[in-house]
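*Asks:* Chains as they are written, first to last, in the numbering used here: chain W, 1 to 114; chain H, 1 to 116.
Just so you know, the hints here were simulated from the structure itself, not pulled from any lab data.
Straight-line C-alpha distance at most 30 angstroms; calculated DSBU-like pairs for lysine-lysine: (1) Lys78/H <-> Lys40/W; (2) Lys55/H <-> Lys78/H; (3) Lys44/W <-> Lys55/H; (4) Lys55/H <-> Lys70/H; (5) Lys41/W <-> Lys67/W; (6) Lys40/W <-> Lys115/H; (7) Lys41/W <-> Lys78/H; (8) Lys44/W <-> Lys78/H; (9) Lys9/W <-> Lys44/W; (10) Lys115/H <-> Lys41/W; (11) Lys78/H <-> Lys115/H; (12) Lys44/W <-> Lys70/H; (13) Lys73/H <-> Lys40/W; (14) Lys44/W <-> Lys73/H; (15) Lys40/W <-> Lys19/W; (16) Lys19/W <-> Lys41/W; (17) Lys73/H <-> Lys41/W; (18) Lys19/W <-> Lys44/W; (19) Lys52/W <-> Lys19/W; (20) Lys19/W <-> Lys36/W; (21) Lys78/H <-> Lys36/W; (22) Lys36/W <-> Lys70/H; (23) Lys9/W <-> Lys36/W; (24) Lys67/W <-> Lys52/W; (25) Lys36/W <-> Lys52/W; (26) Lys73/H <-> Lys36/W; (27) Lys67/W <-> Lys36/W; (28) Lys41/W <-> Lys70/H; (29) Lys70/H <-> Lys40/W.
Listing some non-contacts, in silico: residues in chain W with all C-beta distances to chain H over 12 angstroms: (30) Gly16; (31) Gly28; (32) His73; (33) His77.
Beta carbons are placed, not taken as given, at the ideal position from N, Cα and C, and that holds for glycine.
Single-letter residue listing:
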Amino acid sequence: DTAVSQTPKYLVTQMGNDKSIKCEQNLGHDTMYWYKQDSKKFLKIMFSYNNKELIINETVPNRFSPKSPDKAHLNLHINSLELGDSAVYFCASSHYRGPETLLSFGPGTRLLVL
Amino acid sequence: AQTVTQSQPEMSVQEAETVTLSCTYDTSESDYYLFWYKQPPSRQMILVIRQEAYKQQNATENRFSVNFQKAAKSFSLKISDSQLGDAAMYFCAYRIHNNAGNMLTFGGGTRLMVKP
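Chain W extracted, bound-state conformation:
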């Protein structure tokens, strides 16, 4: 059983297009995240949702809009794609509180903007 799944795994698209990446977790976690890994492998938090509410929103262009229809899903919609959006996007989930809580990562979605 896949714990955190993302679709698609690969996404190749033209500049200016709008695309979405979907994420689902079956771990019963109440918090979900989007991380971006750029071409230099640097990983940085983009968003975090707890019980469908946005709790972390780092400096990200407003072309990026996360949507959480329920606790088990956090989708990422990107408008007007730019070359610099090419990266690997990781979804993750965890419990909100507790010292023992660990982050579970999805397999990543490689986005290539041409």
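Guided by the hints, dock chain H onto chain W, whose structure is given.
*Replies:* Using the frame of chain W, we list chain H on its own:
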């Protein structure tokens, strides 16, 4: 703001030997967690080991151990008896103990190559 620095972009080790990956961090918090993640070519992020800052004893997981120096804000990873499957990117990460949302701050990564 917290920062995590990995000063070694690349490291290589001979199979069966030992290698140490460096990590330093900057924080004003007294209680936090530190992690090492492995990212093989498959891109999957795999937790290798974690350390609670309030514990003085260094964490160990089989061939993986850490050298946690709280005063120096240093958190290095030692891999003993290196295996070909250890070849990957390794990321050091930091989290505040009571951080609502469990947000991790990552270092820039170290690429480890294992020579047969």
